[in-house]
Amino acid sequence: MPMPDNVDATTPKFLRDKYAIVGVGETDYTRGSTQTTRAKSTRAMATHAVKAAMADAGLKASDIDGMLSYQSNDSVFSPFVAGDLGIRLNFYMDVFGGGSSTEALIGIAIGVIEAGMCKTVVIFRSMNGFSQVRIGGTGARAAAPVSGDMLHSRSYGWQSAGQMFAPSFMRHMYDYGTTAEQVAAVRVAHSHHASNNPKALYKKRVTVEDVVTSRMICKPLHLLDCCVETDNANAIIVTSAERARDLQHHPVLIRGVVGRCCKPRVDMHYQTGPISTVAGHYAKEILWPNAGVGPEDVDLTGSYDAFTFTTMLQLEDYGFCKKGEGGAYVSDGTIKLGGKRPNNTSGGHLCEGYTHGIAMVIENVRQLRHDADDSCPIGPDGKRRHTYDYREGGCRQVKDAEVSANMGWAMPGTGSALVMRRG
Amino acid sequence: MISAEYLGMPLEINELDKENLDYFAHCAKHDFHLQRCCGCHLFRYPPATACPWCTDERSDWVPVEGKGTVHSYTEVHHAIQPAFKPYVPYLILLVELDTQSGKPTPDEGLRVIGNLATADGVLAPRKDVSRVGIGTRVRMVFSDVAPGLSLPQWTIDEEATQKADAWRYRPE
Chain W
29 MPMPDNVDAT TPKFLRDKYA IVGVGETDYT RGSTQTTRAK STRAMATHAV
79 KAAMADAGLK ASDIDGMLSY QSNDSVFSPF VAGDLGIRLN FYMDVFGGGS
129 STEALIGIAI GVIEAGMCKT VVIFRSMNGF SQVRIGGTGA RAAAPVSGDM
179 LHSRSYGWQS AGQMFAPSFM RHMYDYGTTA EQVAAVRVAH SHHASNNPKA
229 LYKKRVTVED VVTSRMICKP LHLLDCCVET DNANAIIVTS AERARDLQHH
279 PVLIRGVVGR CCKPRVDMHY QTGPISTVAG HYAKEILWPN AGVGPEDVDL
329 TGSYDAFTFT TMLQLEDYGF CKKGEGGAYV SDGTIKLGGK RPNNTSGGHL
379 CEGYTHGIAM VIENVRQLRH DADDSCPIGP DGKRRHTYDY REGGCRQVKD
429 AEVSANMGWA MPGTGSALVM RRG
Chain Y
2 MISAEYLGMP LEINELDKEN LDYFAHCAKH DFHLQRCCGC HLFRYPPATA
52 CPWCTDERSD WVPVEGKGTV HSYTEVHHAI QPAFKPYVPY LILLVELDTQ
102 SGKPTPDEGL RVIGNLATAD GVLAPRKDVS RVGIGTRVRM VFSDVAPGLS
152 LPQWTIDEEA TQKADAWRYR PE
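Which chain is which? The protein sequence lines are W and Y, in order.
Heads up: the first sequence begins at 29 in my numbering, then just goes up one per residue.
Heads up: the second sequence begins at 2 in my numbering, then just goes up one per residue.
Since the hints were derived computationally from the structure, they do not count as laboratory data.
Ideal placement from N, C-alpha and C gives every residue a C-beta, glycine not left out.
There could be a bad hint or two in this list.
[As the list claims (entries may be wrong)] Across the chosen pairs, the derived CB separations fall in these ranges:
hint : chain 1 : residue 1 : chain 2 : residue 2 : range
1    : Y       : G103      : W       : V294      : 15 to 23 Å
2    : Y       : H78       : W       : G205      : 18 to 26 Å
3    : Y       : L17       : W       : R233      : 49 to 57 Å
Please model the entire structure based on the sequences and the hints provided.
Next comes the structure, spelled out in structure tokens:
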């Protein structure tokens, strides 16, 4: 697809389309020990995911020379994973972070390749978000002493992500009249998508009624407004578009990235209003000019769904609809498969599994390859014959997908984003 | 160094965390103070090592009236910390103080976190929880934790004129 090149950018335009994602891989999404699986170490899971991404790209250990990971004191570091797989690194870095990391690390990968530090970078996230350090805040994390800035939050029973973000969600309802039913439509859409994703942990389709009658967690969040906790690892491989042309998949090119763009005073962003506006409000000023496209050019989105509300707030602040109209946007059919611009076609964190954002990038890479791993029949050439029949258990490939946007979320005050296109 | 327990949680302030030691010491006297910048004279919250408006590292602790309006809130039904479970549903309030409201820009204010509490600083019962929403007038009270450490909390300001239409998520 032709791309405009006459848009002002904050970074040099020549980086558009110069780098690509060439390999993706993951473990199963599990919740600890079941009859058929056993919980694994973050090291074993990371190794498996990186190996799967290498196989997907058609790269050997000797082809990889850079590694990046992110974690929250809950995972393995790059050198162990590289060592286990016999990868000799020219560069590695393990950073602290959660849901706004993947897109930011893709930007860093481009930077270090551009700087000549290495040629091909693996990015991974490995977490036992159910079996070890639970994302909801129970378990090991809850036992740590409360000190420093936490004295002004955890002391008040203000600890889990849902509790911390809820004042922003509540204020959006107050400021704009957004309703619980409108936002519940995010869970409904993602559950429909997950029903066509054999990997998803929750494949059952739900209704708006199911969401708004589920148990209240902290207002305005019902149980089904919240994502799942799972154990899993995911990996992606970034290299130059030039090298990508020799590899086995149709290249997926990187148009632009934004990394950990913040609202003012992100340590306590509630001091700066309007609190119903999130970091995407600032990030969009970097994302769209750098990518040389706008929201109207995007065929599918990956707006982070730690909660139904996070998807809605970001789609709104990145400009997919007018400010205040996010509730209508997510409930009018646009974000469902078969709609104008489906969001999180894998089922996302609400249904597929929780991976701090990286799986949403993997899903969009597969979509742009026109190779979503659904249940459609595989032809003699080894490629899926997509039916575009989105009924339960069927296809989840977006027809003719050319451009995607991912919007990662750390908290209301911090976000990252990525625009990719089919090469 | 202060080390104490509150609702099943170990709270700690180490001797290098001067800003929090000072903040909570004033609270322990039930006398709310905030840092005011010596350069631009704006208050800030929470305690910090420099002024977010002008970068000046110098500040004085100045008394601030503990009165304000609920800017947003959440009502917790599923407590994470075990000792909060007997108090559900409990409210976490983001309260915009009257002091410095709408300054230095219309979008800014001193928005101080606290639970809805009774006048003696215990998490409020359900009958009070159901009265509070965005717009409710509240006043500060304190939960005493240890010498040198009390937590500022909020209670309904019964003396204030309450607007009839405080906004609540789906009032029962």
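Results of checking the hints against the structure:
| no. | hint | result |
| --- | --- | --- |
| 1 | Y:G103 / W:V294: 15 to 23 Å | holds, 21 Å |
| 2 | Y:H78 / W:G205: 18 to 26 Å | holds, 23 Å |
| 3 | Y:L17 / W:R233: 49 to 57 Å | holds, 54 Å |
When the structure is compared with the earlier hints, no violation turns up for any of them.
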